[in-house]
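Engineer: Please work from the sequences and hints to get the whole structure.
Mapping to numbering that gives the first Met the number 0: the sequence shown position 7 is 6, numbers consecutive.
The set of hints was computed from the structure by calculation and includes no laboratory data.
We put the beta carbon where it would ideally sit given N, CA and C, even for glycine.
Where hints are given, some of them may not hold.
As the list claims (entries may be wrong) - Under the rule of at most 27 angstroms between Cα atoms (straight-line distance), these lysine-lysine pairs were calculated in the DSSO-like manner:
| id | residue 1 | residue 2 |
| --- | --- | --- |
| 1 | K743 | K637 |
| 2 | K693 | K645 |
| 3 | K710 | K581 |
| 4 | K442 | K461 |
| 5 | K710 | K693 |
| 6 | K693 | K567 |
| 7 | K255 | K218 |
| 8 | K269 | K363 |
| 9 | K234 | K221 |
| 10 | K726 | K797 |
| 11 | K456 | K26 |
| 12 | K306 | K52 |
| 13 | K465 | K897 |
| 14 | K398 | K349 |
| 15 | K363 | K143 |
| 16 | K660 | K84 |
| 17 | K430 | K568 |
| 18 | K815 | K156 |
| 19 | K768 | K737 |
| 20 | K465 | K567 |
| 21 | K369 | K400 |
| 22 | K123 | K156 |
| 23 | K348 | K368 |
| 24 | K269 | K123 |
| 25 | K255 | K308 |
| 26 | K221 | K120 |
| 27 | K807 | K797 |
| 28 | K296 | K209 |
| 29 | K269 | K234 |
| 30 | K407 | K156 |
| 31 | K710 | K90 |
| 32 | K456 | K308 |
| 33 | K797 | K476 |
| 34 | K114 | K52 |
| 35 | K715 | K637 |
| 36 | K308 | K465 |
Said to hold, decoys possible - Restraint ranges, calculated between C-beta atoms of paired labels, are given here:
| id | residue 1 | residue 2 | range |
| --- | --- | --- | --- |
| 37 | G254 | Q138 | 32 to 38 angstroms |
| 38 | W761 | G887 | 17 to 23 angstroms |
| 39 | D926 | A814 | 43 to 49 angstroms |
| 40 | N728 | G703 | 39 to 45 angstroms |
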Amino acid sequence: MNLMFIGSLITTDVIAQQPAYQLWYTKPAEQWTDALPIGNGRIGAMVFAGVEKDRIQFNEETLWTGGPRDYNHKGAANYLSEIRKLLFEGKQAAAEKLAAEHFMGTQSIAGDRAKWVVEMKTLKGMSGNPAAENYDDLQWGTIKVPSYEGWEAVGLKDFDGAIWLRTTFEVPGNWKGKNLMLDLNRVRDQDFSYINGTLVGNTDGTAPRKYIIPANLIKTGKNTIAVQVLNYFDKGGIAGYKDTSRPISIYPEGGKPENGISLVKEWKYKVQNDEPPMVSQFQASYQAFGDLHLNFKNHNSTVTNYKRKLDLNTAVSSTTYTLNGVNYQREYFASQPNQAVVIRLTAEKKGSISLDAILSSPHKYHLVKKINENTLSISVRVRAGALKGESQLKAVITKGKLLVSQGKISISNADDVTLYLTAGTNFINDKNVNGIPATACIKANASLLGKTYAQVKAAHIKEYQKYYSPFTVNFGKGENENLPTDERIERFAGSKDASFAALFIQYGRYLLISSSRPGTQPANLQGIWNDQLTPPWGSKYTTNINLEMNYWPTGTLNLPAMNEPLFKKITSLAKNGALTAKVHYNANGWVLHHNTDLWNATAPINASNHGIWVGGGGWLSQHLWEHFQFTQDYTFLKNEAYPIMKQSAVFYVDFLIKDPKTGWLISTPSNSPENGGLVAGPTMDHQIIRTLFKNCIAASNLLGIDAEFRKTLEQKVTQLAPNQIGKYNQLQEWLEDKDDTTNKHRHVSHLWGVHPGNDISWDTPDMMKAARQSLIYRGDEGTGWSLAWKINFWSRFKDGDHAMKMVKMLISPAAKGGGAYVNLFDAHPPFQIDGNFGGAAGIAEMLLQSHTQFVEVLPALPADLPEGEVKGMLARGGYELSLKWSKGVLTALEIQSKVGGVCLLRYGNKITSIATQKGEIYKLNGDLERL
Numbered sequence: 000m001n002l003m004f005i006g007s008l009i010t011t012d013v014i015a016q017q018p019a020y021q022l023w024y025t026k027p028a029e030q031w032t033d034a035l036p037i038g039n040g041r042i043g044a045m046v047f048a049g050v051e052k053d054r055i056q057f058n059e060e061t062l063w064t065g066g067p068r069d070y071n072h073k074g075a076a077n078y079l080s081e082i083r084k085l086l087f088e089g090k091q092a093a094a095e096k097l098a099a100e101h102f103m104g105t106q107s108i109a110g111d112r113a114k115w116v117v118e119m120k121t122l123k124g125m126s127g128n129p130a131a132e133n134y135d136d137l138q139w140g141t142i143k144v145p146s147y148e149g150w151e152a153v154g155l156k157d158f159d160g161a162i163w164l165r166t167t168f169e170v171p172g173n174w175k176g177k178n179l180m181l182d183l184n185r186v187r188d189q190d191f192s193y194i195n196g197t198l199v200g201n202t203d204g205t206a207p208r209k210y211i212i213p214a215n216l217i218k219t220g221k222n223t224i225a226v227q228v229l230n231y232f233d234k235g236g237i238a239g240y241k242d243t244s245r246p247i248s249i250y251p252e253g254g255k256p257e258n259g260i261s262l263v264k265e266w267k268y269k270v271q272n273d274e275p276p277m278v279s280q281f282q283a284s285y286q287a288f289g290d291l292h293l294n295f296k297n298h299n300s301t302v303t304n305y306k307r308k309l310d311l312n313t314a315v316s317s318t319t320y321t322l323n324g325v326n327y328q329r330e331y332f333a334s335q336p337n338q339a340v341v342i343r344l345t346a347e348k349k350g351s352i353s354l355d356a357i358l359s360s361p362h363k364y365h366l367v368k369k370i371n372e373n374t375l376s377i378s379v380r381v382r383a384g385a386l387k388g389e390s391q392l393k394a395v396i397t398k399g400k401l402l403v404s405q406g407k408i409s410i411s412n413a414d415d416v417t418l419y420l421t422a423g424t425n426f427i428n429d430k431n432v433n434g435i436p437a438t439a440c441i442k443a444n445a446s447l448l449g450k451t452y453a454q455v456k457a458a459h460i461k462e463y464q465k466y467y468s469p470f471t472v473n474f475g476k477g478e479n480e481n482l483p484t485d486e487r488i489e490r491f492a493g494s495k496d497a498s499f500a501a502l503f504i505q506y507g508r509y510l511l512i513s514s515s516r517p518g519t520q521p522a523n524l525q526g527i528w529n530d531q532l533t534p535p536w537g538s539k540y541t542t543n544i545n546l547e548m549n550y551w552p553t554g555t556l557n558l559p560a561m562n563e564p565l566f567k568k569i570t571s572l573a574k575n576g577a578l579t580a581k582v583h584y585n586a587n588g589w590v591l592h593h594n595t596d597l598w599n600a601t602a603p604i605n606a607s608n609h610g611i612w613v614g615g616g617g618w619l620s621q622h623l624w625e626h627f628q629f630t631q632d633y634t635f636l637k638n639e640a641y642p643i644m645k646q647s648a649v650f651y652v653d654f655l656i657k658d659p660k661t662g663w664l665i666s667t668p669s670n671s672p673e674n675g676g677l678v679a680g681p682t683m684d685h686q687i688i689r690t691l692f693k694n695c696i697a698a699s700n701l702l703g704i705d706a707e708f709r710k711t712l713e714q715k716v717t718q719l720a721p722n723q724i725g726k727y728n729q730l731q732e733w734l735e736d737k738d739d740t741t742n743k744h745r746h747v748s749h750l751w752g753v754h755p756g757n758d759i760s761w762d763t764p765d766m767m768k769a770a771r772q773s774l775i776y777r778g779d780e781g782t783g784w785s786l787a788w789k790i791n792f793w794s795r796f797k798d799g800d801h802a803m804k805m806v807k808m809l810i811s812p813a814a815k816g817g818g819a820y821v822n823l824f825d826a827h828p829p830f831q832i833d834g835n836f837g838g839a840a841g842i843a844e845m846l847l848q849s850h851t852q853f854v855e856v857l858p859a860l861p862a863d864l865p866e867g868e869v870k871g872m873l874a875r876g877g878y879e880l881s882l883k884w885s886k887g888v889l890t891a892l893e894i895q896s897k898v899g900g901v902c903l904l905r906y907g908n909k910i911t912s913i914a915t916q917k918g919e920i921y922k923l924n925g926d927l928e929r930l
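Structural biologist: Structure follows, in structure tokens:
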């Protein structure tokens with residue numbers, strides 16, 4: 000598979016001299032989303048850059064929960080006809096209930112919760128009775144209560160299990176003889192709540208905890224509350240109210256909470272048990288691996304000249320500062336050639352580097368041990384699954400002393416230090432976990448033998464830049480470009496900082512290169528960066544928008560090689576999805592629903608009102624076709640893309656059913672992603688299927704094969720339910736005209752045909768206007784990835800100023816909602832990386848579009864980007880473009896043809912056709928006249 004397709008560097012005066020794009024800050028990271036990401040596609044790390052105490056949190060892409068298993072629900076297909084019948088009869092709730100019982104994929108095996116609860120109730124693991132009024136809790140820790148985001152957010156990170164919480168409150172004399180109300184609202188997951196040693200309430204689930212306390216249990220003065228909290232999985236503790244202005248409290252029954260006693264404060268706590276029974280899961284979760292802590296000695300004096308940065312041109316992060324008159328520098332990068340995170344510590348004064356390097360992990364089952372005189376290792380085992388990992392830390396010093404002892408590497412008075420952090424797991428593929436975790440570490444360390452730091456760094460930069468350098472962008476100077484990145488984020492929406500938009504494009508490209516190198520797993524919901532054991536949405540691969548959005552930059556933004564991990568995964572998904580197609584739909588071909596994981600699960604998951612969505616295979620097949628469109632690689636089309644596309648189409652041929660009301664072929668059961676429940680005939684499905692059929696027809700014609708199957712698809716396309724304009728002049732989201740114009744849902748799935756598809760374009764203006772009207776109804780607000788998708792929509796609508804408005808919303812402080820964190824990570828919130836990729840691709844859509852018959856230059860240029868130069872943009876048809884504009888007007892254009900053919904160019908109302916020759920470069924002016 001030829002995935003590189005990186006164009007030659009066109010050396011003319013059109014080329015932009017790209018600024019040195021950097022993220023930089025004047026203080027260390029405090030939160031994880033302040034830290035700077037580095038990665039080589041397989042290993043990712045987050046650099047905090049503290050002066051006295053540095054932290055490098057790291058991941059290895061194949062450390063997940065779960066293991067090889069069958070995700071399919073045997074016998075599901077037996078219920079397909081009845082589910083469809085109920086939907087045709089308008090009985091959505093009954094259809095969803097039946098599907099939930101008999102159609103959803105299987106879950107992993109759960110532990111014995113009942114037994115564990117009994118053990119906790121009988122105080123196993125505790126000394127004495129913590130519910131007792133006079134229990135001695137002096138040696139207990141303290142924790143903030145409540146925490147709506149779970150006790151994980153206030154100090155008990157990655158903790159599941161049983162904890163006792165205790166506090167006291169003072170009852171005034173005028174409450175004597177009154178029943179009181181204990182209002183804790185939400186507790187995750189089960190609580191046993193005691194007042195002065197007596198149980199007053201027990202609830203398991205999400206119901207509010209409002210317990211009446213009989214007057215005879217209360218005494219004037221000091222009283223004791225004890226709450227035993229049993230948390231089974233994910234967020235735990237007394238959550239209280241989402242509206243944090245409403246306190247948990249205690250007050251007289253019938254009275255007002257605001258007249259009561261607030262219980263918002265530090266409570267005493269004691270862990271009873273940290274091994275709750277396993278909770279069954281539909282799919283697996285990506286896992287944090289560990290942390291490298293660098294504790295520097297003699298570093299507690301005042302620091303000056305502090306700066307930390309990430310250089311996008313070299314993929315090297317660095318930290319510099321001055322301490323006691325000595326200038327220090329640290330460099331960090333993730334080497335792909337040597338498969339290691341590399342950290343270099345230097346100082347201008349010899350003998351100034353002294354530190355302890357310590358490895359730790361959030362996994363309960365981990366072990367640190369000495370490998371040799373300069374190497375330490377940490378081995379981990381995932382509690383809920385079949386995977387285990389090993390990481391090794393090797394230290395190389397110049398002069399000074401090095402000692403590996405007591406679980407750490409101690410270095411004293413070195414001139415310089417180089418640390419090599421490696422990692423691996425026992426994962427081989429989705430059916431085989433018989434690997435040896437240390438193998439990757441041993442192989443990486445062997446590759447480093449005999450190499451100097453300078454050689455390792457040079458090899459890293461060379462390998463990285465072959466992906467990064469072919470594309471450059473310059474939007475001119477910005478008024479805030481001399482400010483730290485966090486300040487630029489805060490000011491971006493209200494200032495003229497075009498260069499920050501250019502940096503955002505290159506940061507998106509940097510993140511994709513860093514999380515999706517050839518030979519690795521694809522970028523997941525968080526790329527490869529995750530510091531949790533129960534990350535949001537499992538940090539999986541959500542396939543009803545998010546995984547696909549991750550790979551939007553691969554086309555126009557010239558990163559075709561980054562597609563290789565995605566295509567490799569699609570191949571595995573097609574194999575597993577063939578079994579799901581048979582078991583769930585009694586259909587041929589392959590199907591994928593709205594999520595997958597490391598184990599390539601393809602069955603429907605979660606709830607039936609959103610988990611039954613059959614568009615995943617069709618959408619991913621679009622990526623295969625798009626790659627061919629950009630590269631014109633016929634070998635790839637024949638051997639890899641078309642066979643998978645065809646089998647996806649085969650599934651839909653078997654799956655589609657005639658709608659009894661309209662006679663159209665429709666998709667059912669399915670849903671318009673996460674909106675409106677289980678339905679018959681969502682518009683998005685039909686757009687995806689129609690596009691897939693047309694792509695397969697085109698591919699089979701180009702390859703000269705499958706004439707009979709082509710005829711079948713040509714017939715089916717004419718029978719498929721069309722796009723429809725509804726009573727509000729909107730593009731209908733469903734088969735019926737039932738759109739709610741007040742619905743501000745984050746998904747805008749029925750506009751798939753506008754972007755990333757081409758089912759709707761300005762070639763069909765009425766439908767395009769209806770789609771635009773739907774987007775106006777939906778509104779501008781949204782989660783991070785939703786904002787990014789809307790940038791692409793408005794670019795396709797050729798409204799560059801509205802698209803730029805969305806860019807400004809995307810690059811705004813995350814504290815305000817969907818936006819950007821300090822390190823420019825996209826905020827759903829919480830962090831999801833798709834918005835970084837979708838936003839970068841959306842800005843590119845303003846500058847170049849090629850999804851219709853035209854290669855269109857500057858189709859949606861906003862007023863905020865009046866000047867610019869871009870080199871190395873790719874267009875469908877096998878073209879590489881460089882362009883320059885001034886005062887909002889195109890001034891120069893170059894086109895290099897990779898394979899030859901007729902290029903139909905458009906700029907505004909100007910159209911020209913060039914019969915290109917392979918390898919030739921064509922120069923034009925702003926009027927599209929040949930030079």
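Engineer: Among the hints numbered above, which are violated by the structure, and what are their numbers in rising order?
Structural biologist: 1, 9, 23, 25, 28, 31 and 34
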